[in-house]
Amino acid sequence: MSRTLNLELKIWRQDGPDADGRFEVYPALGIPDDASFLEMLDIVNEELIEEGRAPIEFPHDCREGICGTCGMMINGKAHGPEKGTAVCQLHMRKFNDGDAIVIEPWRARAFPVLRDLVVDRSPLDSIIEAGGYVTAPTGTAADANDTPIPKEVADSAMDAAACIGCGACVAACPNSAGQLFTAAKVWHLNSLPQGQAERYRRAENMVETMEQFFGSCTNHGECSEACPKEISQDFIAYLNRDYMKSKIKNRRLAGQS
Amino acid sequence: MASPTLAKKSSLNPIRRRSKPLPFPLNLYQTAVGKKWVMAITGLMLLGFVIGHMVGNLKMFIGVVEHNDERIYDLDVYAEFLQELLVPIFPPTVFLWILRGGLLAAVTLHIHSMYSLTRMNLTSSIKYKEKRTWIAANFASRSMRYSGMIVFFYIIFHLADLTFGVLPWYEFERHQVQWNVTESLSNPVVAAFYIIANILLSIHIFHGAYSMFQSLGINNPRYNSLRRGFATGVAILICVGNSAFPVAILTGVVDYDPDLVDHPAEASLVESE
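Residue numbers (our numbering), protein chains in the order written: chain A, 85 to 341; chain B, 5 to 277.
Incorrect hints may have been included.
What the hints assert, rightly or not - Mimicking DSSO-like on lysine-lysine, the simulated pairs with C-alpha atoms at most 27 Å apart in a straight line are: (1) LYS133(B) - LYS94(A); (2) LYS178(A) - LYS235(A); (3) LYS333(A) - LYS131(B); (4) LYS133(B) - LYS329(A); (5) LYS135(B) - LYS235(A); (6) LYS167(A) - LYS135(B); (7) LYS24(B) - LYS178(A); (8) LYS331(A) - LYS24(B); (9) LYS178(A) - LYS167(A); (10) LYS167(A) - LYS133(B); (11) LYS94(A) - LYS167(A); (12) LYS94(A) - LYS131(B); (13) LYS167(A) - LYS24(B); (14) LYS135(B) - LYS94(A); (15) LYS235(A) - LYS94(A).
Read the hints as simulated data drawn from the structure, not as lab findings.
Fair warning: this is a prediction, and the values are worked out from it, not measured in the lab.
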């Protein structure tokens, strides 16, 4: 038999991007502890709707930790108290009966609140637009394993590619820096042979676009702790290295190592 | 054929505009990542200076030595050596001034990059309305601005105290380093300030000496685990080494005795009469 929890939620409500926000307190009663955090919000919203009040807007989509849509500050931690999970993978059994839970949207100048807990994360798309792609020949797909890639490199690229773009790194950063996101996206491609053609242009463009929206990295390490995919800060160092190379390297000699 | 790849402009309104690129190498200093490189490299230069300065000062524990058939405090021998650095390639004090110029440039760039990155970070971030939790950030990393600022004012004080000798609480005498340092630091208030400032400096180094590796892209799974240990070790070294001087002078382990040397500070003779 599963327990049920009675909680007190203190949630940020904001009617629109230009409206003043405020905290409101809602009771969440009889929440089964098997429910995910988002399901708990669903239950609260059902009641709000029944009472004829506006439901709490919160971002969500796949609810299995791979789309990167959900994300909020729960008791001062991005994606809540569990390490390496998105909000949708956080279950109510991690809380105790009678807990008070504070829920705030991501906060960064580049992430304006659209409504309640939903923020606009389009600057992340702008960074991808600036270089998060490779040039691939059209036509027949290349054979699998056509390009030999050392296992360590493939692993590292895969670890970077695990980024789901949820924005928790920006939200957790005291400077609202987008470094971990950008580093993951850059390194995912820069580490692989397929990404070499645009390597330095990619690092340069993505960093410079990032800096139009976000702060700078002071190496606290909060981003990696907040990341639902536990992406390592190491990628930030790789990004810094590739960015500086992009400024200094003679690109006419690219490929001659 | 036009390049099909790059999107010319984002449809979004950025917080800040991209600045027009300056000619190389000035363009390196136009982005935050570049400024962090400057921050790290100047920080490394300053760290090297702080360690060298400490090692030099340790000579005050040696006391009086025979040098050119004269009895003189070893700290004063060292001071003379600094003036004569790379003589005769350079005239006396010239190379010392080159080093000082380098330090001054490093301090200026270190502070300017801090100023401009801080401004960038303040305009990028919005504070959470409710209490937020710190998981990885530590006291040192979150207080860099403040520890750095206090250390900066401490350096000005330190220069006024022992380089320019303009502070009123003891009689400063040029080229009598052992005399000056023992006179100044035998004042418990001054000594306490030196110790506090050096603890803050160590806290600053605890984060800085780790952070510079990341900023410079020096990251390798083989030695990543050593970076934190390195920063901790250097911070402890600086803290213990530099605090040892005021402590030793206050407790009388290091002192100034005009009778032991051939050319004592004049002020010391006035006092003993």
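The hints, checked one at a time:
no.	hint	in the structure
1	LYS133(B) - LYS94(A)	12 Å, holds
2	LYS178(A) - LYS235(A)	37 Å, violated
3	LYS333(A) - LYS131(B)	39 Å, violated
4	LYS133(B) - LYS329(A)	40 Å, violated
5	LYS135(B) - LYS235(A)	43 Å, violated
6	LYS167(A) - LYS135(B)	19 Å, holds
7	LYS24(B) - LYS178(A)	51 Å, violated
8	LYS331(A) - LYS24(B)	15 Å, holds
9	LYS178(A) - LYS167(A)	12 Å, holds
10	LYS167(A) - LYS133(B)	23 Å, holds
11	LYS94(A) - LYS167(A)	22 Å, holds
12	LYS94(A) - LYS131(B)	17 Å, holds
13	LYS167(A) - LYS24(B)	41 Å, violated
14	LYS135(B) - LYS94(A)	12 Å, holds
15	LYS235(A) - LYS94(A)	47 Å, violated
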